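Generate coordinates for the entire structure from the input sequences, incorporating the hints supplied.
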Amino acid sequence: MVGLHRSPYHGFSVEFSEHRPYMQGDSLKSVDWKAYGKTEKYYIKQFEEETNLVSHVILDVSRSMDFAYGNNIKKLEYASILAASLMYLMTHQQDAAGLALYSDKIETFMAPKSSRIYLTELLKALASAKPSSQTKTANCLNYVAEKVKRRGLVIIISDFFDDVNSVLTALKHFRYKKNEVVVFQVLDPMEISFAFGRDAVFKDMETREEMVTQPFQIQKAYQKAMSEYIERIKEECLNSGIEYNLLDTSVPFDKALFSYFKKRAQLH
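Numbering of the sequence shown is given in our numbering, commencing with residue 784 and proceeding in unit increments.
Rather than coming from a laboratory, the hints here were simulated on the basis of the structure.
DMTMM-like, lysine to aspartate or glutamate: derived pairs with alpha carbons at most 20 Å apart:
#, residue 1, residue 2
1, K1007, E974
2, K919, D946
3, K1017, E974
4, K961, E1019
5, K1007, E1019
6, K1017, D1031
7, K913, E890
8, K960, E929
9, K1038, E1026
10, K1003, E974
11, K857, E974
12, K907, E860
13, K961, E1026
14, K930, E963
15, K1045, E963
16, K960, E1026
17, K955, E1026
18, K919, D887
19, K1007, D971
20, K907, D849
21, K955, E1014
22, K1007, D946
23, K857, D1037
24, K913, D849
25, K955, E929
26, K1045, E1026
27, K919, D849
28, K812, E823
29, K888, E929
30, K913, D987
31, K960, E1019
32, K930, E890
33, K1007, D1031
Computed from a predicted structure; not experimentally measured.
Structure follows, in C-alpha cells:
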C-alpha cells in the first residue's frame, strides 16, 4: 500500500535526537556504549532523520463520542480503533507517533516518539480512555498546537459537536504553524439521517438535558441543518489546506486509512 515505504533519507542525519531501547535486529554499531556503561542497559542513539515524520493523533473523548444507535459501534470505539491503527502504521513506518486525548480539557498528552515499546504505552492510554465531561474542542486544540514544536502531521478525530467558528479557528492554528492536517469527523449514521420514527426522548450526552419530540416532524429541518454544518467544516478545511474526511461508523476502516496513506505519500 502507498505510504508503507522507507524514506530515502533514513539514517543520514547527524543531529542526535534521543535514545531508545535496543531491540532485536538493531545494529550493534548504533549502541551507545557510554550509556551502557552508566546504566548497564543497551540503548540506541536515534537521530533526527531516523524519524521520517512526526505525527500527532488528537482524539475527542468527550461524552458525545459515547453515542451509538441500536447495534452500531460507539463513535469513541470506532475512533479509538482508527487512532490505534494509525499509530501502529506510523510506528512501523519509523515515524514518531504521539497521542492527545481531550474533553473539556487535555486528558492525556504523550509527545511523539518512534519506539515500538512506546507504541505499547500509546495503545494502553488509548484503551483506558473513557468518555468524560463536555467538549471544549477549540481550547484543547489550541493548547496542543502550542505544544507541537516540530512541524509534522496532525490527525484530529472528533464529532466536532462544538462551536463551529472556534473549532475552525483552532484547526487553522495547526496550519499556521506549518503542519499538515487531516481531519476525521466521526458520526453515527442516525446523527446524519435522523430517522428515529414518530416519538422519541432525546438526552444530551454532555449536559444530560432531555427533550421530548416527534422526530419525523423536524427530520427535514434537522437534515438540512446537519448538512450545512458538515459542509461548512468541509469547505473551511479544504480552503485552508486541511484534508477533511466524513466517516459514519458504518464506513470500513480502510477508507479512513487510505486518507492517511495519501497524505503521508505527499510528504515524501
